[in-house]
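Visitor: Go ahead and model the full structure; you've got the sequences and the hints to work with.
Given next are the chains, with one letter for each unit.
Number of protein chains: 2
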Amino acid sequence: MKAMSAEILCIGTEILMGNIVNTNAAYIAKELAVLGINVYHQSVVGDNPGRLREALELAFSRADIVITTGGLGPTYDDLSKETIAAWFGKKLVLHQPSLDAMTRYFEKSGRVMTENNKKQAYLPEGAEVFDNPNGTAPGCAIEKDGRIAILLPGPPREMQPMFDHFAVPYLSRLSGQVFRSHCLYFYGIGESALEDRLREMMEKSSNPTVAPYAKTGEVMLRVTARAENEQQAEALLQPAIEAIRAEAGEFLYGIDVDNLQTAAVRRLQELGLQTATAESCTGGYVAKRLTDVSGASEVFQCGLVTYSNGMKEQLLGVSHETLERYSAVSAETAAEMAAGVRRVSGADIGIGVTGNAGPNASEGKPVGEVWLAVDSEWHKETIPLTFFRHDQDAREYIRYLASSRALHLIWKTAGMKDKS
Amino acid sequence: MKAMSAEILCIGTEILMGNIVNTNAAYIAKELAVLGINVYHQSVVGDNPGRLREALELAFSRADIVITTGGLGPTYDDLSKETIAAWFGKKLVLHQPSLDAMTRYFEKSGRVMTENNKKQAYLPEGAEVFDNPNGTAPGCAIEKDGRIAILLPGPPREMQPMFDHFAVPYLSRLSGQVFRSHCLYFYGIGESALEDRLREMMEKSSNPTVAPYAKTGEVMLRVTARAENEQQAEALLQPAIEAIRAEAGEFLYGIDVDNLQTAAVRRLQELGLQTATAESCTGGYVAKRLTDVSGASEVFQCGLVTYSNGMKEQLLGVSHETLERYSAVSAETAAEMAAGVRRVSGADIGIGVTGNAGPNASEGKPVGEVWLAVDSEWHKETIPLTFFRHDQDAREYIRYLASSRALHLIWKTAGMKDKS
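Keeping their order, the protein sequence lines are chains A and B.
If you read the first sequence in the working numbering, its first letter stands for residue 34, the second for the next number, and so on.
If you read the second sequence in the working numbering, its first letter stands for residue 34, the second for the next number, and so on.
Read the hints as simulated data drawn from the structure, not as lab findings.
None of these values were measured; they are calculated from a predicted model.
Treat the hints with caution; some may be incorrect.
Chain B side only, calculated, beta carbon under 7 angstroms to chain A, not exhaustive [unchecked claim]:
id	residue
1	A59
2	K63
3	G336
The beta-carbon is built from N, C-alpha and C at its ideal position, and this holds for glycine as well.
Guide: Written out as structure tokens, the structure reads:
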């Protein structure tokens with residue numbers, strides 16, 4: 034089958050004017066790559082019927098499928114559906130199930146459904162309707178003469194689930210295949226080093242495909258198989274994942290786990306362990322990320338942000354002599370912070386982070402020098418981190434990467450308990 | 034003078050494929066609005082000379098100015114400059130000052146400059162060159178027959194300063210005017226309520242212009258004046274800012290301060306006050322945001338993240354009876370946390386936050402119930418917050434808004450010291 038191509042057309046004056054960053058285009062582009070659909074153009078136009086018609090004409094001159102976001106709402110300037118239906122020569126007709134769903138949605142959220150909201154339940158005749166459980170405007174797919182338009186709402190929290198649950202199955206049906214992915218999360222290896230290890234397998238294999246995504250300080254690999262059904266796709270995926278594990282398993286911290294904090298919290302839950310954190314330069318970033326994860330309360334005792342030396346002594350019992358002799362930014366202080374917070378909280382794993390996140394040198398230590406320590410009955414370790422970056426985002430960058438390393442250290446230390 | 038129009042053309046396969054979210058387009062669009070330049074289209078194409086030429090042709094058929102990002106780097110697929118120069122019928126010539134700057138940049142960062150890096154110092158003949166102190170690839174502006182192309186690098190931390198320091202003055206010169214803005218930050222009033230208060234003045238005034246930007250839980254107003262020089266622009270701005278202050282001054286927390294945490298830290302610094310935080314449901318988010326601000330160490334004593342009841346008792350001295358009788362999610366617990374962290378740290382202002390950020394009810398309290406308290410010698414207050422949101426992003430939303438309110442409370446309480 035010839036590869037299909039799609040164009041992403043985001044509609045909305047707020048995106049055009051820069052009041053909203055266009056995360057929808059990135060989300061859809063990434064998902065289309067997984068489905069093997071090529072994207073050569075993304076465009077943005079405002080809520081303007083004339084320019085939308087022109088953009089549609091242009092998009093269909095160079096792609097089989099046009100995926101739009103935005104302009105499905107109830108107000109007078111939401112004109113995507115009207116304009117696109119007219120372009121396809123289709124009328125808008127009332128879709129009763131959508132009107133019923135919308136009525137229920139308004140009842141549930143305790144708001145009043147006004148007359149102009151009903152406009153959202155009118156959809157192009159013959160369209161396949163996509164439910165919107167997270168909002169009021171349904172989406173749809175329109176097909177005519179081999180041209181396909183997929184209309185999605187603008188807010189990402191409505192668009193993303195609709196894309197996953199309706200657009201992906203619809204597009205899969207077009208290709209007659211099922212797509213299934215797993216995401217593998219790596220820490221401690223760069224994107225190019227990981228690609229080097231997997232190059233041969235990535236080049237040889239067209240099904241499953243393996244695509245790397247660099248995140249700040251991490252790499253995610255998405256492994257995607259296509260097959261006639263989910264079982265067959267899964268059967269293709271498992272040996273590919275084992276092959277990746279054989280090449281780079283020492284850096285793999287989880288499959289389908291989303292991020293380091295979730296991997297750490299889930300492992301602590303599984304093993305029935307508790308952690309506690311003592312932070313200086315990261316200022317609560319480790320605690321904040323751990324508690325991003327629902328269920329963190331089961332495994333997270335407390336986090337002490339001891340910014341001043343006095344607090345390090347008073348709350349964590351770091352010795353005055355250590356601070357005087359080695360400074361607050363040192364291996365010794367990090368280790369005493371980790372031991373101190375474990376003692377204070379009674380947690381199984383204590384973490385200490387201290388350093389200089391900039392922008393100015395302090396304690397006689399350069400910007401970017403950070404010390405990390407872990408304390409537990411079965412494992413103690415002190416790790417020096419050095420970051421070379423001095424631009425305006427250096428502070429956030431250093432603090433984020435130091436907190437990532439701390440989360441990974443919790444995950445790693447918890448995993449060593451079994452073997453100790 | 035007729036209003037100019039510009040098209041934003043972002044070049045790069047990583048944006049096209051969705052591996053990078055296109056924040057550049059939003060940044061540039063917003064800045065162009067300030068300059069009074071209309072934007073009707075944004076487009077994205079990959080690193081493909083053929084499609085770039087077509088996109089350029091199309092863009093100049095509908096706009097006076099085309100602003101590109103990306104494709105200025107040293108590798109073989111960075112072809113923006115070559116393709117655009119050819120489209121203008123211009124040769125690339127060595128720009129010695131750029132080569133010198135690049136050599137210095139490599140020396141400073143201790144890396145070796147390879148031969149292909151030199152390609153970045155070749156620029157279209159007659160172009161106005163834009164320095165890049167944050168990277169290696171210079172940008173430039175090319176003009177011919179009334180058509181203008183502005184070429185900027187792809188990484189936002191290189192693109193944004195270059196846009197501000199070179200593209201804005203260049204574009205201002207085109208219009209023969211100087212533009213100057215101030216940003217006013219509001220908390221506690223919604224975008225539409227603020228617009229209602231200022232509607233008359235916003236509609237009447239075309240210079241300065243007043244543009245609102247909604248941020249999560251906040252509103253920013255940008256007031257922009259154009260004039261022949263900076264002094265005249267500033268003279269237009271001051272009365273407009275005073276008029277806004279008269280209408281909505283009670284919600285204004287700062288001018289050109291960027292965010293709540295910076296406003297809070299700066300005010301504490303000015304008044305020589307210290308704060309300390311005790312967090313439960315926000316899990317360190319308040320501490321993390323305070324310490325985002327460089328200089329926080331002068332005013333932030335410590336932050337205690339007491340997730341468990343035991344830790345609330347042990348570290349903060351919250352009474353067992355209070356926790357039993359009123360639960361951890363209560364006004365009483367929040368107040369004892371605030372008082373406790375102030376006592377432990379000796380800070381002037383103590384903050385307590387406790388609540389349920391979801392996704393499940395806990396302590397018999399519904400998701401979205403949060404209690405916030407402040408404790409100081411001159412002001413004590415307990416504030417109930419209720420958030421109605423239950424989708425997948427609710428946890429982050431509740432935690433973020435609760436931490437914003439806490440930061441605002443620190444700012445407000447510090448300001449009351451003077452008057453007490």
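Visitor: Each of the hints needs a verdict: does it hold here or not?
Guide: Structure-based check of each hint:
About 4 angstroms separates the beta-carbon of A59/B from the nearest beta-carbon of chain A, less than 7 angstroms, and the hint is met. Hint on K63/B holds. Least Cβ distance to chain A is approximately 3 angstroms, under the 7 angstroms limit. Using the Cβ-Cβ criterion of 7 angstroms, the hint placing G336/B at the interface with chain A is satisfied: the shortest such distance is roughly 3 angstroms.
Of the numbered hints stated above, none is contradicted by the structure.
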